[in-house]
Amino acid sequence: MAVEVLTASLLESIVKGIFSILAKKMPSKEELQKARADLGRLVKLAQDTGYSLGCYFEVERAAIRAGVHATELRQFFSEGATPSSRLLESLTSLLEDRVKRGLGKDGLRKIHEFRDDFENVRRLVDATQKNLKGSISHLKDGKRDEALDYLDAAADELDQLVDLVATKRDQISKPLVDAYTVLVQLSR
0 MAVEVLTASL LESIVKGIFS ILAKKMPSKE ELQKARADLG RLVKLAQDTG YSLGCYFEVE
60 RAAIRAGVHA TELRQFFSEG ATPSSRLLES LTSLLEDRVK RGLGKDGLRK IHEFRDDFEN
120 VRRLVDATQK NLKGSISHLK DGKRDEALDY LDAAADELDQ LVDLVATKRD QISKPLVDAY
180 TVLVQLSR
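The sequence shown maps to residues 0 to 187 in numbering that gives the first Met the number 0.
Among the clues, some could well be false.
30 Å max Cα-Cα, derived DSS-like pairs, lysine-lysine [claimed, not checked]:
#, residue 1, residue 2
1, K43, K104
2, K104, K139
3, K43, K28
Distance windows between CB atoms, simulated [what the hints assert, rightly or not]:
#, residue 1, residue 2, range
4, G16, D125, 41 to 49 Å
5, D115, Y179, 43 to 51 Å
6, D125, V183, 38 to 46 Å
7, H111, V183, 32 to 40 Å
8, S172, K139, 41 to 49 Å
9, T81, R40, 50 to 58 Å
10, T81, S12, 57 to 65 Å
11, R108, Q46, 13 to 21 Å
12, D169, Q46, 49 to 57 Å
13, R122, R40, 31 to 39 Å
Don't read these hints as lab results, they were simulated from the structure. Each residue gets a CB set at the ideal place from its N, CA and C atoms; glycine is no exception.
Construct the complete structure from the given sequences, taking the supplied hints into account.
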């Protein structure tokens, strides 16, 4: 199912068409039907745009939670006082709960219909998982510095993921703001 989102130019075109019909003293039945159909399309576009935003908000929140977890974990690594067993437990939780389930399973499911973004998110989630597994492996082998390097790489990928999703969210949101401006201008 393809989701079409609202753009300012599309909104302007639809609203101007509706207003031009309604501005007539005696619009024809066909013109009123067209205005009604255009209004229905406008509502559907607004709903689809809101749906799209919601999908990206959920992925962004999951990526932020995972990124914060990774950042806190990096601090514990750097301090050197946290036992390896506790770091291993936290790394495993980050991998299993935040990345595999929160981003991999739930997050990817949310944006599966946005094909290009799905592929980019999946690539970053897969790379994050790989680096977290490397970090866990090195920590089990007693190589804290190497484990920290892998954790740093995973955290960087999570940052990239947040940036990617936030950019997409902003791209979807901007036309809504523009649409509001168009509506205000047309209502004057």
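We went through each hint and held it up to the structure:
1. Distance check on the hinted pair: K43 and K104 sit about 28 Å apart at the alpha-carbon level, within 30 Å; holds.
2. At most 30 Å may separate the alpha-carbon atoms for a hinted pair to count; K104 and K139 meet this at roughly 26 Å.
3. Distance check on the hinted pair: K43 and K28 sit about 22 Å apart at the alpha-carbon level, within 30 Å; holds.
4. Taking the beta carbon of each, G16 and D125 are about 45 Å apart, inside 41 to 49 Å as hinted.
5. At roughly 27 Å, the beta-carbon separation of D115 and Y179 lies outside the given 43 to 51 Å, and the hint is violated.
6. Against the hinted window of 38 to 46 Å, the Cβ-Cβ separation of D125 and V183 comes to about 44 Å, which satisfies the hint.
7. Evaluation of the 32 to 40 Å hint for H111 and V183 yields a pass: the beta carbon distance comes to about 36 Å.
8. For S172 paired with K139, a C-beta distance near 43 Å keeps the hint of 41 to 49 Å intact.
9. The supplied range of 50 to 58 Å is met by T81 and R40, whose beta-carbon atoms lie about 57 Å from each other.
10. Range check, T81 to S12: about 59 Å between beta-carbon atoms, so the 57 to 65 Å window is met.
11. As the Cβ distance of R108 to Q46 is approximately 20 Å, the hint placing it in 13 to 21 Å holds.
12. Checked against the hint of 49 to 57 Å, the C-beta distance between D169 and Q46 comes to roughly 20 Å, which is inconsistent with it.
13. Distance hint check for R122 and R40: the Cβ-Cβ separation is about 34 Å, which falls inside the suggested range of 31 to 39 Å.
The earlier numbered hints that this structure contradicts are 5 and 12.
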